[in-house]
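> Here is what each chain is made of, one letter per residue.
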Amino acid sequence: MSTPEAALYENSFFVEGGNFDTAGSVSSQIKALLKHMRLPNDVVRRAALVTYESEINIVSYADHGRIYLKVTSDYVMIEAIDKGQGIADIELAMQEGYSTATDKIREMGFGAGMGLCNIRNFSDFFRITSDVGKGTHLKMVIKIDKLFDGI
Amino acid sequence: MATLGEIVAALDLKVRSGEDKMGTEVHGGYTGDLLSDVMAGSKEGDLWITRQTHQNIVAVASLKDHAGIILAGGAEPAADTLEKAKREGIPILVSNRSAFETAGMLFEMISSQKTGRSG
Numbered sequence: 042m043s044t045p046e047a048a049l050y051e052n053s054f055f056v057e058g059g060n061f062d063t064a065g066s067v068s069s070q071i072k073a074l075l076k077h078m079r080l081p082n083d084v085v086r087r088a089a090l091v092t093y094e095s096e097i098n099i100v101s102y103a104d105h106g107r108i109y110l111k112v113t114s115d116y117v118m119i120e121a122i123d124k125g126q127g128i129a130d131i132e133l134a135m136q137e138g139y140s141t142a143t144d145k146i147r148e149m150g151f152g153a154g155m156g157l158c159n160i161r162n163f164s165d166f167f168r169i170t171s172d173v174g175k176g177t178h179l180k181m182v183i184k185i186d187k188l189f190d191g192i
Numbered sequence: 003m004a005t006l007g008e009i010v011a012a013l014d015l016k017v018r019s020g021e022d023k024m025g026t027e028v029h030g031g032y033t034g035d036l037l038s039d040v041m042a043g044s045k046e047g048d049l050w051i052t053r054q055t056h057q058n059i060v061a062v063a064s065l066k067d068h069a070g071i072i073l074a075g076g077a078e079p080a081a082d083t084l085e086k087a088k089r090e091g092i093p094i095l096v097s098n099r100s101a102f103e104t105a106g107m108l109f110e111m112i113s114s115q116k117t118g119r120s121g
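In order, the protein sequence lines correspond to chains A and B.
Going by the working numbering, the letters in the first sequence line up with residues 42 to 192, in that order.
Going by the working numbering, the letters in the second sequence line up with residues 3 to 121, in that order.
These are computed hints drawn from the structure, not numbers from a lab.
Just so you know, nobody snuck in bad clues.
Here are a few chain B residues that sit away from chain A, every Cβ distance over 10 Å (derived from the structure):
no., residue
1, 10
2, 17
3, 21
4, 25
5, 29
6, 91
7, 99
8, 100
9, 109
10, 110
11, 111
Simulated coverage check for chain B against chain A, where a stretch passes if three residues somewhere in it have a Cβ under 8 Å from a Cβ of chain A:
no., stretch
12, 32-39
13, 45-56
14, 61-67
Don't be surprised by glycine CBs; every beta carbon is placed ideally from N, CA and C.
Please put together the full structure from these sequences, using the hints given.
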């Protein structure tokens with residue numbers, strides 16, 4: 042097991058709730074950054090996907106939130122922390138197909154109840170915690186070195 | 003494999019953006035209107051067939067490195083979608099056929115021209 046390494050890159054990005062026009066822009070920025078850092082394509086793609094789903098969740102359900110990005114030589118860590126309604130039953134929210142999305146959100150092709158499943162399936166480590174009425178915290182890690190087990 | 007330009011000609015598509023990308027080689031496609039399904043299931047270089055016309059389709063296509071988007075059923079991109087697609091260099095093509103017919107023709111075309119590539 043390797044020792045935790047210092048961040049090569051660290052930043053955070055603001056996400057506005059309810060604004061579907063700009064939804065996805067933070068994910069695009071993060072993808073461009075990771076690509077620029079010459080991380081493996083597979084890592085960039087999975088990081089972009091989990092970031093996108095997290096961003097859409099903030100836009101769909103929260104007042105606002107921040108997405109934190111940390112890159113070390115071993116992993117990419119993405120955290121999405123929002124202020125909003127939170128999730129009462131996480132187990133239910135994790136079920137594929139379950140969604141509390143409004144018709145407006147569903148009409149745009151979001152709210153299919155797949156977002157959290159995608160995040161779980163495409164990250165190497167995923168943790169979700171939530172406080173009803175306060176907000177939700179997602180933490181996702183994508184390993185760069187497949188053998189790395191330090192998380 | 004076929005180029006975007008060959009697909010545009012064969013399927014009678016209207017090019018709304020990405021005119022300079024007609025030489026892009028297309029190896030596969032994906033059909034879907036649920037964005038999370040497209041995020042999970044589509045692959046880099048796919049041509050994505052959808053009925054969604056709002057600007058988030060550009061973000062999805064860009065994040066997934068799609069070759070382009072075909073709007074099926076004659077759907078036209080919203081004005082801000084088109085603007086964003088032009089800015090990000092994502093080809094948007096309009097098909098007057100249904101998603102079913104469009105996908106069938108695209109599949110036929112790509113698989114018949116496939117040379118030694120599976121999947």
